[in-house]
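Number of protein chains: 2
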Amino acid sequence: MSAKETVEARKPTRVTSEEVAELAGVSRSAVSRTFTPGASVSAKTRDKVLSAASQLGYRPNALARSLIIRRTQLVGLVMAEWENPFYTDILRQFSERFQREGYQLLLMTSVTEADVDDAMRRLLQYQVDGLLVVSARPSPALARECAASNTPMVLMNRHSPDGMESSVTCDNAQVGRDIVQLLLQRRYRRLAIVRGDARVLVGVQRTSAMIEEMAGADNAKVVADVTGCLGYQAGRQAIADLWRSPDPPDAVVCSSDPTALGVLDGARLDLGIRVPDELAVIGLGDIPEASWASYRLSTVHLPVDEMIDLAANDLLKRLADDSIEPRHWVANARIVTRESIRSAPT
Amino acid sequence: MSAKETVEARKPTRVTSEEVAELAGVSRSAVSRTFTPGASVSAKTRDKVLSAASQLGYRPNALARSLIIRRTQLVGLVMAEWENPFYTDILRQFSERFQREGYQLLLMTSVTEADVDDAMRRLLQYQVDGLLVVSARPSPALARECAASNTPMVLMNRHSPDGMESSVTCDNAQVGRDIVQLLLQRRYRRLAIVRGDARVLVGVQRTSAMIEEMAGADNAKVVADVTGCLGYQAGRQAIADLWRSPDPPDAVVCSSDPTALGVLDGARLDLGIRVPDELAVIGLGDIPEASWASYRLSTVHLPVDEMIDLAANDLLKRLADDSIEPRHWVANARIVTRESIRSAPT
DNA sequence: ATGAAAGCGCTAACAA
DNA sequence: TTGTTAGCGCTTTCAT
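Protein chains in written order, with numbering that gives the first Met the number 0: chain A, 0 to 345; chain B, 0 to 345.
Note that these hints are calculated values from the structure, not bench results. A portion of the hints provided could be inaccurate.
Chain B is nowhere near these chain A residues, computed Cβ spacing over 10 angstroms in every case [to be verified]: (1) S28; (2) L66; (3) A113; (4) H158; (5) A292.
Pair by pair, the computed Cβ-Cβ distance ranges are [said to hold, decoys possible]: (6) A:H158 to B:S26: 44 to 54 angstroms; (7) B:N312 to A:E21: 17 to 27 angstroms; (8) A:A292 to B:P160: 41 to 51 angstroms; (9) A:T336 to B:E338: 26 to 36 angstroms.
Where chain B lies over chain A, by a calculated footprint (3+ residues, C-beta under 8 angstroms) [claimed, not checked]: (10) 91-100; (11) 164-171; (12) 295-303.
Values in this document were obtained by computation on a predicted structure and should not be read as measured data. Glycine is no exception: its CB is placed at the ideal position from the N, C-alpha and C atoms.
Take these sequences, add in the hints, and give me the full structure.
Structure, rendered in structure tokens:
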């Protein structure tokens, strides 16, 4: 009898309903029933089971349970764009909401949009009841598989053309048109657009809308459409380049607030440009910093909370009733005007 | 034969290994083996299985598998303090790292430290292989249960006195002492401490260390220890109050960068205080904004990346080998001096 | 290398 | 209300 023998015992098998049943002097079904809300058990049996359970430290195995009832109470969340300043809210709010409704979030990161499919496949192996995909879209083939296996899915920040998934976006084109109208009204005429990855759909939509809207105005033009420019440092550099160009802008519209704040600091502190007299700056997102005393940035307030609500509600509904069809939701953004643009002419 | 009958079919049962086996003309064991890395299958069988599988769109059920092999490849992450500006990095980096190592993160939010136990219990029902707890600590009873069931756990930002869990913290007291020495050397003498919740351990440690260190200096004193003050707006208000007080500070040390930036804006823009001549401001965190041209804030750079690495490595090691004992890790923070304090006297 | 059989921990008919 | 029985989809001895 050497001490070695005990080393064998690695993962001590957690306590099962069998053991609880035995200690309580009842059947496994009785144990199962006491832990199933709304099942019929007599108060006496329930008490016996409960005391035996707490005595042994019993905790029902959710995996075994899910195998039977064919529901995991698991929702997969694929996060593609961690640069998005809102992923943080998105994550927190989804987490709190679904938790409150009795679901757990299974989190997957996908660095590029390409490995979204991989991430989703991994989630599907864990039999998630539903899927939340932020700033990305699965391949049509995978989307079809999900639809076929009746796994509801909602896309955030992406539209689903085939309508097999629900999706939540905001009205980017309208925002683009509104910004242009605002700038024209405030007597700005030479617009520079500064955005990140040229392929990001929301950027494309907003940009086209702005270009189109400018085309309809007199003496006004888009002097630059800079892509690949995202974040504070990039913005600060971008305004330096733009200001030196043959056709400098009198208004810069950025695809993110940090970029816009960089433009603002670059303009005022590095180049001595007077904002908003010589230059207007507009951001996107309305992050807290935008309203700080040093900046007072005009920007687009995205309806993040509303989008999250729309997405969560849609998924929860379809989780509860799979006869509900997926649909497309659009939330409304709104422009917040602060001191980085001139006030309205009287 | 009414159309009604088909409505019955709700969750279409996903394809099982049984069906794959049948189509491939082999046994279920063969299917299982082709999907188990390192199992012995002939190339011929493997091919038959693989083609049948892709034909049917077969995906092994991770739940059923976990039930047998007693490993889920699931790691539970409990996030208690979403105010922490780093939870964002923490989440992303943990997610990427564990994903790379073949684990999935099961995310749980706990609003208060009180429901950490609830969150953990829910995670345990899903048979997570390990636990990551950020800015919170489970009750001793629950910690004991985890230890007993051999579920490794690591605490971030909290120390585990009983040593049943691993923990990762940074040397808060040392940072406090360093800050005081720096301020004294730069000829500041009247220190105000501004922090959030008075009960947060790291704040307590740093504050005591600062008070103690100040006590050992001549003509120097702590003029205020403001608690319940967190974030930009709170900071901006706090400096207004402090400046009006009978004993105004010449240096303010904040428990977060946003707070410090609020103090900075309040001091310079609202009150016309000259920084750093009349007032020094020091933050905590070294968020990107701290280095922006409008602020140039001196702050404490927390070793977030290092802490994340320490935590992830510890957990992964203990996941792979449960004979490894939990331990306590300490990472080193460092002060970043920018223009919000005077330069060193010559 | 392969298949048959046993079972992981649980729930859901079905009888009693 | 209760226990008995039959699986959920998978892996794993154990023979062959």
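Consistency of the hints with the structure:
1. Its beta-carbon lying about 19 angstroms from the closest one in chain B, S28 (chain A) satisfies the requirement of being farther than 10 angstroms from that chain.
2. Its closest Cβ contact with chain B, about 6 angstroms, brings L66 (chain A) to no more than 10 angstroms, contrary to its assignment away from the interface.
3. Every CB of chain B lies more than 10 angstroms from the CB of A113 (chain A), the least distance being 15 angstroms, so the non-interface label holds.
4. For H158 (chain A), the condition that its CB be more than 10 angstroms from all CB atoms of chain B holds, with the nearest at approximately 25 angstroms.
5. Some Cβ of chain B comes within 10 angstroms of the Cβ of A292 (chain A); the nearest lies about 4 angstroms off, and the non-interface call is violated.
6. The supplied range of 44 to 54 angstroms is met by H158 (chain A) and S26 (chain B), whose beta-carbon atoms lie about 46 angstroms from each other.
7. Distance hint for N312 (chain B) and E21 (chain A): a CB-CB separation of about 41 angstroms, inconsistent with the stated range 17 to 27 angstroms.
8. Distance hint for A292 (chain A) and P160 (chain B): a CB-CB separation of about 43 angstroms, consistent with the stated range 41 to 51 angstroms.
9. Hint check: T336 (chain A) to E338 (chain B), Cβ distance near 31 angstroms, so the stated range 26 to 36 angstroms holds.
10. Coverage of the stretch 91-100 of chain A by chain B holds in this model, with 4 residues showing a Cβ closer than 8 angstroms to a Cβ of that chain against a need of three.
11. Figure legend: the stretch 164-171 of chain A, annotated as covered by chain B; annotation inconsistent (0 residues with Cβ-Cβ distances under 8 angstroms, at least 3 required).
12. Under the rule that three or more residues need a Cβ within less than 8 angstroms of chain B, the assignment of the stretch 295-303 of chain A is violated, with 0 such residues.
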